[in-house]
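Q: The task is simple: from the sequences and hints, build the whole structure.
Protein chains: 2
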Amino acid sequence: MHVVIMAGGSGTRFWPVSRELRPKQFLNIVGDKPMVVATYERIKSLVTDDRILLVVGERHRKETERFFANSAVRLLAEPKGRNTAPCIGLAAKYIDHLGGREPIIVLPADHYIANAEVFRNALLQAARLAAEGGIVTLGIVPTRPEKGYGYIKRHAQPEKDNVYRVLKFVEKPDLETARDYLLSGDYYWNAGIFVATPQTLLDEFYNQMPHFADGLDQLKLSFDRPEFQAKLESLYDSIEGISFDYAIMEKTSRPVYVVPCDCGWSDVGSWFSLYEVRMGNKKDGLGNVTEGNTLLIDCKDSFLVSRGKRLLTALGLKNILVVDTDDAIMVADLERSQEVKKIIDILKESGSIELL
Amino acid sequence: MHVVIMAGGSGTRFWPVSRELRPKQFLNIVGDKPMVVATYERIKSLVTDDRILLVVGERHRKETERFFANSAVRLLAEPKGRNTAPCIGLAAKYIDHLGGREPIIVLPADHYIANAEVFRNALLQAARLAAEGGIVTLGIVPTRPEKGYGYIKRHAQPEKDNVYRVLKFVEKPDLETARDYLLSGDYYWNAGIFVATPQTLLDEFYNQMPHFADGLDQLKLSFDRPEFQAKLESLYDSIEGISFDYAIMEKTSRPVYVVPCDCGWSDVGSWFSLYEVRMGNKKDGLGNVTEGNTLLIDCKDSFLVSRGKRLLTALGLKNILVVDTDDAIMVADLERSQEVKKIIDILKESGSIELL
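As they're listed, the protein sequences go chains A and B.
Numbered as in our numbering, the first sequence ends at 356 without a single skipped number.
Numbered as in our numbering, the second sequence ends at 356 without a single skipped number.
Please note that the accuracy of each hint is not assured.
Remember, identical chains collapse to one label, so a pair may be satisfied in a single copy or spanning two.
[Said to hold, decoys possible] When the alpha-carbon atoms are kept at most 30 Å apart in a straight line, the in silico DSBU-like pairs for lysine-lysine are as follows:
| # | residue 1 | residue 2 |
| --- | --- | --- |
| 1 | 251 | 147 |
| 2 | 160 | 341 |
| 3 | 168 | 147 |
| 4 | 348 | 300 |
| 5 | 160 | 172 |
Calculated from the structure, these hints are not laboratory results.
No experiment lies behind these values; they were computed from the predicted model shown.
A: And the structure:
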C-alpha cells in the first residue's frame, strides 16, 4: 500500500491567517500542528514512511522538508497548481517508477477527521478492494443537509459487506436537494479521497488524458535526476488544470466503489467550517470559540481568533467572526466567512501584495 | 468675563483608544485636535487668554502645558478627581484671588458643538444675566428622546427674552419619560455648562459646602506659591467628590436661569455617541463611519476605527463597532458601546494595568 498526500492548494480561505506563502495545509488551524503533519500522523501507522509521498507546491518545498526532516517520506514539488488530476497522475507515475504495484491511497492534506481509527479502517477496506482493479472512494456519511459539498450516489444494494457501486457523482446541491439526499440514505459526501493501484490510475490517464499520460511517460526517464524539475515544469505548462473527479471518476468505465465512512470529517473549507469543527459537541454553551488572548462579554455563537500580540475584546456580539493578525484584521458575519475571497480580490486589485 | 475649562475627567469610555493617561479630552477623537484644544479655540474670541483657566488632573499637567505652550491661558492641576463641585469652587477662588469680579463661564473640555457661533451667543447672553447675581445654565434644545442625559425643566413663561427660570433639574429619564420631555417643550438637556460671578459661586460654596469653602479660604494664601500643590492635595484629601449640579444647583435659593441653546451639542459620552456625531447628517448612505486603513464589504450602520498600523477589513457587518489600537482591539455591538466599562473592570481585576 502507498499513500499520496496532496498538499498543493493555495490559501485564501483563511485570510488573514492564511496567505499565499502560508496556505491552510501548512497552518496549525485546527489543532496544534500544521494540517499536513496531522494528515501524515493520522495514517503513518498504515505504511512505512518511504511509501508516503507528499506532493506540494514548489514554493512550499523548503518548509515541507523542515516539517518532515525526521521522516523518510518522499516529496514531489509541483511547479504550479494544476488541480488534482495531474497531481494524482504524477504521483502514480512516480510510485510506478519506484516499482510500487500496491493500491495508492490519495488524501488531501487539509481535512479534519475526528475519528482517525474509523477513517483508517475504511481506508484499509478500500485498499483491499482497489487491489482487485477498481477505483474506490470514501463516502462520508452526511450528518446535515450540506450545500457546500459534492455528493456520491450509491447503488441501493451493497456490492458486498458495506461496499457499494457508485451510481454517479453529483455537484453541490441546493438546500432542498441536500435535504432529500440526507433523507434517502443513498448519498455520501465526496471527500476527494480515492484508492486505486498505480496501474489502474495510469490506465485511466491513458484513456482520459492521453496527452498528459504521454508526457508522464517521457518524464519517467527524468525521475530523481537533476533535469526533473525543468521537465515537469514544461509538462505542466502544456496542460490545463482539471480535477480528478471530473477528468477520471466521472468518465471511467471501470467499476467504481464507495466505502461509507462515518469518521467526523470536515473539509474545513471556511472560517465557519473551522468554527463548527472547533465547536465539536459543545453546542450547549454560549457557542463561542476563542483562540489566543481574548476577553468576551455577553457574546454568542462567535469565533474570536487572536493570532497577533494584542488583546482581542468582544462585547455583545452574535454570529461574528474576528481574526486578528500582525498586519490585518477581519471582522465578519460568521456565516458569510466564505466571502473572504471578496477581500482578497480587492487587495489584489489595489496592489496590496504584502497582505496576500 | 472669565472662562474655566474643566479637563479633569478620566478616560475609560473610549477604551481602547482612551487610557488612564490619555483620557478623551486629550484625544483628537472628533476632529483633528485634542478636544480640550478645540474647546479653547471655540471660545477664545470671547476673552483674552489670561482670563481662561484650565483645570486638569496633575498627571496631565505636562501634556496640557505642551498643548498650550503658545498661549497665556492659566492652569491649575488637581491632585485627584473630586467631581465638578470642588473643581468649580477652586477655579472661582483662584479667579477671585486674581481680582476677577466678572462672570465665569464653566465649560467641560470634552464636548462636541457643531455650531460654535450659536454656542458663543448663548454664553454671552448667559454672562450678561449672571452679572446680575443669578446662576445661569445653558439648556440644550433636545432633538430626540435621549435617555442618557440629565434634563432641566424650565418655567413655562419666559423670564425675559429667551431666558427662563429653572423649575428643577431631573435625572436621566426612561425612554417614555424622555419622549414626554421632548414633546412638552419645557425640558432641555443639561450640558453641565454654568455661568456665575466668582462672588456668587463662593457665596454658594459657603452655604452648601462650608468645610470646603473654609479650606479654600486657607488655600487662598498659597495661590501661586511653592506650597500650593501640597496644600491643595491636603484640602482635596479632606473632601469627597460631588457634582456641582448636586452640591449647588439643586440646593441654591438664588434665581437659576436657563438660556436655551440649539448648537448641535453632544457630550460624546460613548463610541455610539461619537458615531452619531461623525455621521452628522449623512444618514442617507449605508451608515458606516470609518477611520484609518479600512476595507468594507457590504456593511451597514457600523463604526470602524483603525488607529494601529493594520488593515481593518469588515464583511457583512451591521451595527458593529470595531476599534483597533497597537495593543488591544474591541469589537462590540455598536449600541452597547457604553458597556466598555465592563471590559475595563475585568482588566482591572486581572491586573492588566498596561492596558488601562
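Q: All the hints need checking, so say for each whether the structure fits it.
A: Against the structure, the hints:
no.: 1; hint: 251 with 147; verdict: within (24 Å within a copy, 69 Å between copies)
no.: 2; hint: 160 with 341; verdict: neither (43 Å within a copy, 65 Å between copies)
no.: 3; hint: 168 with 147; verdict: within (17 Å within a copy, 63 Å between copies)
no.: 4; hint: 348 with 300; verdict: between (33 Å within a copy, 24 Å between copies)
no.: 5; hint: 160 with 172; verdict: within (28 Å within a copy, 76 Å between copies)
The structure does not agree with numbered hint 2 stated previously, though it agrees with all others.
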